[in-house]
Amino acid sequence: SSGNPHCVEANKGYNTVIENCTNSGTILHNARYSAVIEISGTGADGKAARHATAGGVVGLINGRSDAKATVTGCTNKGVVSDGWSGQRHFIGGISGYSKYVTFTNNVMSGSLESYNGLSIGVAGGIVGAAYEGVTVSGGSSKPSFNCVGTSNVDLCAGLCVGVSLGNVSVSDVKVGVGATAKIKNKNVEGTITKDNYKVYNELVSTTAIGDNTNYTTTVTNVTWED
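Quick note: the sequence shown, position 12, residue 79 per the working numbering, numbers continuous.
Please note: incorrect hints may appear among the correct ones.
What the hints assert, rightly or not - Pairs of lysine-lysine, BS3-like flavour, derived with a Cα cap of 27 Å: (1) Lys79 to Lys144; (2) Lys265 to Lys241; (3) Lys209 to Lys241; (4) Lys135 to Lys209; (5) Lys209 to Lys249; (6) Lys249 to Lys261; (7) Lys251 to Lys261; (8) Lys209 to Lys265; (9) Lys209 to Lys261; (10) Lys251 to Lys144.
Worth flagging that the hints you see were computed from the coordinates, not collected in a lab. Values in this document were obtained by computation on a predicted structure and should not be read as measured data.
Take these sequences, add in the hints, and give me the full structure.
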């Protein structure tokens, strides 16, 4: 689509149903964008491989406003790893990128990692980048993190949603962190703890086509578990 660099047609979607799937392996996406499809007139940020999405169950899932896709009862115990050129790489424990999707009673206990220390931009326990109409409810998200952001842009790391870029809701989810909780932003390394964790992030520094900054994210009854 010329209107969205994630290769998602803005006016189309699919009422996909994914149920009771489990991943325990390693999902690795390492895209180089020197020779790939490019959206006309968008420059370097329009190169499709800059907009990489990787997830433990589904990389990218695009539902419909009138018939949302659903991901229910899925588990990721494995590793989701990506990285090359920074902020447009999205990884998620269950899904890398989602729009008009309902996530119910999913469990993330695996790891979100930068491949060989290369930069990513968004890492979320359930969903990496959540666009319009995403709902996350029930289940638990306790990922390990070993992620690096770019030198000048913060990495968006959230226990449920890496970055919210639409009307999104999160409810009744148990959260925590795994054995490793390292994130590196602007060349400064930190850890995710009970005292400083984020359920989601609302901003990512980008001017890419398709991003939305007029939205509401709601969080209800999300509780920490060691």
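A quick look at each hint next to the structure:
no. : hint             : result
1   : Lys79 to Lys144  : violated, 32 Å
2   : Lys265 to Lys241 : holds, 13 Å
3   : Lys209 to Lys241 : holds, 8 Å
4   : Lys135 to Lys209 : holds, 26 Å
5   : Lys209 to Lys249 : holds, 14 Å
6   : Lys249 to Lys261 : holds, 13 Å
7   : Lys251 to Lys261 : holds, 18 Å
8   : Lys209 to Lys265 : holds, 12 Å
9   : Lys209 to Lys261 : holds, 11 Å
10  : Lys251 to Lys144 : holds, 23 Å
Hint check: a violation occurs at hint 1 only; the rest are consistent with the structure.
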